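Colleague: Here the protein sequences come in this chain order: A and B. Residues in the first sequence are numbered consecutively from 93, following the working numbering. Residues in the second sequence are numbered consecutively from 502, following the working numbering.
Simulated from the structure, these hints should not be mistaken for laboratory data. Don't take each hint at face value.
With beta-carbon atoms standing in for the labels, derived distance ranges [what the hints assert, rightly or not]: (1) Ser-292/A to Gly-583/B: 21 to 27 Å; (2) Tyr-586/B to Arg-588/A: 53 to 59 Å; (3) Val-557/B to Ser-558/A: 30 to 36 Å; (4) Leu-633/B to Arg-198/A: 41 to 47 Å.
Okay, the calculated bits of chain A under chain B, using three or more residues with CB under 8 Å as the criterion [said to hold, decoys possible]: (5) 119-126; (6) 314-320; (7) 343-351; (8) 438-447; (9) 481-487; (10) 491-503.
Fair warning: this is a prediction, and the values are worked out from it, not measured in the lab. Built from N, CA and C at the ideal position, the CB exists for glycine as well.
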Amino acid sequence: MDVILSGLGQGFAVALQPFNLLLVFVGCFLGTLIGALPGIGPINGIAILLPIAYSLNFPPESALILLAGIYYGAEYGGRISSILLNVPGDAGAVMTALDGSPMAKRGEAGRALSLSGIVSFVGGAFALVLMTLFAPLLAAFAVKFSPADYVALMVFAFTSLAALVGKSAVKTLLAALLGFMIASIGVDANTGVMRFTFGSPDLMAGIDFLVIVIGLFGIAELLHLVESHARGTLKTLKVDKTFTSWADLMAVKWVMLRSSLIGFIVGVLPGTGASVASAVSYGVEKRLAGESGKNFGHGDIRGLAAPETANNAAAGGAMVPMLTLGIPGSGTTAILLGALLLFNVTPGPLMFEQKPEIAWGLIASMYIGNVALLLINLPLVGFFARLLTVPQQYLTPMIALLAFIGVYSVVGNPFDLYVAIGLGVLGWILRKLDFSLAPVILGVVLGNVFEDNLRRALSMSGGDWSILLQSTNSWLLYGLTFLVLVLPLIIAYRKRKAQLISV
Amino acid sequence: MADRIFAAITLLVVMAYGWVAFMMIKAPFQYDPLGPESWPRILSIAAGLCCLWIIVKPTVNAFDITRHALVRVSLMTLFLVGYAYLFEHAGFIISTALYCGASARLLGGTIKQAVIFGLATSLIGYFVSVKLLELNLPAGIFKNLI
Numbered sequence: 093m094d095v096i097l098s099g100l101g102q103g104f105a106v107a108l109q110p111f112n113l114l115l116v117f118v119g120c121f122l123g124t125l126i127g128a129l130p131g132i133g134p135i136n137g138i139a140i141l142l143p144i145a146y147s148l149n150f151p152p153e154s155a156l157i158l159l160a161g162i163y164y165g166a167e168y169g170g171r172i173s174s175i176l177l178n179v180p181g182d183a184g185a186v187m188t189a190l191d192g193s194p195m196a197k198r199g200e201a202g203r204a205l206s207l208s209g210i211v212s213f214v215g216g217a218f219a220l221v222l223m224t225l226f227a228p229l230l231a232a233f234a235v236k237f238s239p240a241d242y243v244a245l246m247v248f249a250f251t252s253l254a255a256l257v258g259k260s261a262v263k264t265l266l267a268a269l270l271g272f273m274i275a276s277i278g279v280d281a282n283t284g285v286m287r288f289t290f291g292s293p294d295l296m297a298g299i300d301f302l303v304i305v306i307g308l309f310g311i312a313e314l315l316h317l318v319e320s321h322a323r324g325t326l327k328t329l330k331v332d333k334t335f336t337s338w339a340d341l342m343a344v345k346w347v348m349l350r351s352s353l354i355g356f357i358v359g360v361l362p363g364t365g366a367s368v369a370s371a372v373s374y375g376v377e378k379r380l381a382g383e384s385g386k387n388f389g390h391g392d393i394r395g396l397a398a399p400e401t402a403n404n405a406a407a408g409g410a411m412v413p414m415l416t417l418g419i420p421g422s423g424t425t426a427i428l429l430g431a432l433l434l435f436n437v438t439p440g441p442l443m444f445e446q447k448p449e450i451a452w453g454l455i456a457s458m459y460i461g462n463v464a465l466l467l468i469n470l471p472l473v474g475f476f477a478r479l480l481t482v483p484q485q486y487l488t489p490m491i492a493l494l495a496f497i498g499v500y501s502v503v504g505n506p507f508d509l510y511v512a513i514g515l516g517v518l519g520w521i522l523r524k525l526d527f528s529l530a531p532v533i534l535g536v537v538l539g540n541v542f543e544d545n546l547r548r549a550l551s552m553s554g555g556d557w558s559i560l561l562q563s564t565n566s567w568l569l570y571g572l573t574f575l576v577l578v579l580p581l582i583i584a585y586r587k588r589k590a591q592l593i594s595v
Numbered sequence: 502m503a504d505r506i507f508a509a510i511t512l513l514v515v516m517a518y519g520w521v522a523f524m525m526i527k528a529p530f531q532y533d534p535l536g537p538e539s540w541p542r543i544l545s546i547a548a549g550l551c552c553l554w555i556i557v558k559p560t561v562n563a564f565d566i567t568r569h570a571l572v573r574v575s576l577m578t579l580f581l582v583g584y585a586y587l588f589e590h591a592g593f594i595i596s597t598a599l600y601c602g603a604s605a606r607l608l609g610g611t612i613k614q615a616v617i618f619g620l621a622t623s624l625i626g627y628f629v630s631v632k633l634l635e636l637n638l639p640a641g642i643f644k645n646l647i
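Next up, chain B with everything else stripped away, as it sits in the complex (with noise of 0.2 Å):
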């Protein structure tokens, strides 16, 4: 079932890709034979195959999760998201010490270790990467401390 609900989602993408292989990609003339639209429409129709064949017979039956688990993996990918988001926003340091601790917090830390591991790699990460090895972070809200 996990299998054919994927390929489903997929073959409705391959979908969407090959109609716009199809219909929308033109080049204003001819360069060359295939032009940039046959390649994608070839793969489109391959992909499509790929997906209803998976369809007709899949292998994988269940998606083997338990409920534990995938609570776990939404709370990490939600964190990741506002990781990216208070990245680009409130700079390196704040967003790392976040997310660094409330990642540890959330895979079995106490709050004293989360709270001292946050602190630890957003100050160490942010010295090393900037000062060290010259790397362009966002420095946030401290750009005019550092």
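Same shape as in the complex, but just chain A (with noise of 0.2 Å):
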């Protein structure tokens, strides 16, 4: 307890200057901005800002500060579109769509904002607390993990997410192997031997992390946005007078706390993240209601509470293991630890101990600006809504202009923006075929800690692959791997018992 305390004061010292209370506003600011307009989500966002929040040279504790404040805040704005234009911005707004949209259209739109605002936040605080109580734990844990149980941790972290992300395991395994593959492009560090470069100089350092991000999440988005605006117009509901009540807050008081505790759980599992809880606290608050759950979908509050609350608690768990293990728990928090490694810092059990004020200046900054959002969201809802009606065609190029910017400024080099655009068309193509992207980024930011490990493992046991079979740690991971394997089967087999019951 003392070292959480004191740590949060050390942190609140960081977050609270003057110049990181203003990144703190300023990134809450421009994620909800992202975040509300229609079609980019937190990932996307992240994606084309990360590169111009590197190169303005900040000390990495405010660059920090200012990318996690656009994280939560595009989480938070995510919302907007989906209620009042029932297109979500990303995967973790889909659910808030199902009911935030059909209150929108009954006229509710206020309502339903304000709601949605007010239940993020309680989500997002929940999360925090949840966050500043295990982190340290979990980092004073894994402290003792040796190669082989990182290796193990690894084997757990993908084998949750081609069981519970996208549509088919294969196609996430594919994803993720396929960001691996990237990943080993360049100089190997343990030997200076070239792979995979064809004698290019521009290979040798292996494909910058920032051009990857920008070419998978921006170009690709771009290209996914001219198709959807080629295929038909948006249409906008304007924002009302309504406002949701004390009675409004009372009803979902059961459901708020519930769905905080499943998005936190799900958001801490490596691999998911908010599309994932939202899903699963929709489905639970659905099947909770029982009679009086046949309206979800037609702008039940409990329908919008429940994924809103949820999605914004997996945005926080999610930073638990990214901080704690240095495994993201989901694509967003993949891009967040790569912008660390951009700043030489190494998450993982040891920045508890050598860089605090990154650290918990980071947690602390997070609790500023979960209030930050409240304040901002609940006033200026109508101003953000008013983004909504930006066209598409100035919205658009804006994004390459972005994307580029941030690309040339940082890398300097003009071969990565045609790198940039290969990988944009490619992902593209990749999500037009069912395949998700945030396990190709998984796989690019974990590859290299992937195979270090593994070699490092095999070193110290001169080539014996047993000892990767040898620590209580291991067993343990690879037990709760098995479960993650297993369980979806069980519960999927049960189900269908019930139905034949029923029938």
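Dock the two chains into a complex; use the hints.
Modeller: Here it is in structure tokens:
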């Protein structure tokens, strides 16, 4: 407990510096703005803004505070386009559109927006408190991890990714493997041997992380927007004067609590972020509501509150494994992890000891940011809603503009612009074929960590593979891996059986 | 079908990757038991199996896109390549004005809107990035003027 209190104290000392405080607000504002734009979710927003934030030469903790602000700001803002446009900014906001959009259509847009704003705050705050309590514990536990344990952790992370994310486990796995393959390009750090560079000096250092992120999430998103634009036009609903009431909040108080918990836990699981969390909590609430749940999907406030609480709780939860283990809990936190690495900060158990100003500064800034978001979102929702009417013909080219500025000002090599475009086309095709892109970026970020730990473990044992199975921690993790694989099968089996009986 | 074609192409890429991993990558002497070649080998085998699986059991049959949308997306890709080329050779201001103007027009803006948008983004973008945020962007032919 002392560690937590002194850590938080130190963190607030960092986060309350006027410049950092300003960045929290700027980040939250930009994040909400990006989240509110139709079709652009948190992951795309961070991808597009990361290089620019990097090239501003802020100290690492300040840049991260800015990026984190954008991150949960975008999770907040995503609900605006879901509710008013019925176009979710990302997978995590899909569930919000189910009940939010019917509410707006029936003239309760203001009520839906204010209620979802408040439950987002509750979910976010709940996750933050849990994060403050558990992150240092997990870090202290993970300090003792050996390379073999890390290998087990990676196996667990990618198994739960394959089992829980995306429509097809094989496709998710292939996506992650493609990410690993991209990460293996360049000079091998241990031996200095060139891998897959084909003698090209442009590839010697590998493909820059920023270029991959910009390509897969910026340019691919742009092509996706062009495509959906060509297919039809979007219609925006107006924000009206309705507001949520105390009775609304009381009606969803248990929904908020359950969804926060579900969101946080799902968020902590490696690889699964806001999208899985909101889907699970929506499903749970619908089932718990029983007879009274037949309104779900037609504008039930519980159906709005559950996914909105859960996706913000998951946004916080996903930060936990990223900060303490160096294993991101979602695609978006994978990009944040990449950002940390750019600043030469290696996230993981040692970060809390070696760079407490960054670890705790970030956590403290999230407390401030959560309050800031509530303050920004409730009164200014009309302003953000007006952004939805910015015509696509202006919005879409801006993505390319920001992407190019970012790539060029950081990497400074025109070759990378073409790489980003190529990856963008690849990302667009992958999305068209029901691959999710988050596993690719997780693969890119974790590829070298996975390989390094595997090689280190085998160096220790002199090439004997049984070292991977020798510690309690690794057995524990393989056990969890097994559970993640088997549980969905059991649930599906019981569901089928229940259906058979009811028929 | 779409899945199968994609998986087949990916399989070819993976095989090329695997070929390099098995045939080309060698460390001058053994530093660690795995060396630089084992990891790519494992990856190529695993990825190859995934591709085969998708070829046998595809989940997406049609590449769901209209002709109209495909033309738009291809044009946008061409614009992007052109933007990248001009970015390097003609500088930020000219390339951005042309790209933003052309894209705005492609996405349904009038010619007047496109011209104004192109000029505004290129000039404002340049001054905000270079003067305000001190980022490094190619000045191109305006190098001596600004």
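Colleague: If a hint holds in the structure, say so; if it doesn't, say that too.
Modeller: Evaluation of the provided hints:
1. Look at Ser-292/A against Gly-583/B: about 23 Å separates their beta carbons, and that is inside 21 to 27 Å.
2. At about 56 Å, the CB distance of Tyr-586/B to Arg-588/A agrees with the hint of 53 to 59 Å.
3. The hinted window of 30 to 36 Å between Val-557/B and Ser-558/A holds, with their beta carbons roughly 33 Å apart.
4. Look at Leu-633/B against Arg-198/A: about 45 Å separates their beta carbons, and that is inside 41 to 47 Å.
5. Evaluation of the coverage hint for the region 119-126 of chain A: breached, as 0 residues show C-beta separations to chain B shorter than 8 Å, against a requirement of three.
6. Coverage of a stretch by a chain is defined here by at least three residues with a beta carbon nearer than 8 Å to that chain's beta carbons; for the region 314-320 of chain A and chain B the count is 4, and the condition holds.
7. Figure legend: the region 343-351 of chain A, annotated as covered by chain B; annotation inconsistent (0 residues with Cβ-Cβ distances under 8 Å, at least 3 required).
8. Coverage of the region 438-447 of chain A by chain B is violated [criterion: at least 3 residues with CB-CB distance below 8 Å; count 0].
9. Restraint check on the region 481-487 of chain A versus chain B: 4 residues with Cβ-Cβ distances below 8 Å, three needed, restraint holds.
10. Only residues whose C-beta sits within less than 8 Å of a C-beta in chain B count toward coverage, and the region 491-503 of chain A has 6 of them, enough to reach three; the restraint holds.
Of the numbered hints given earlier, the model fails hints 5, 7 and 8; all others are met.
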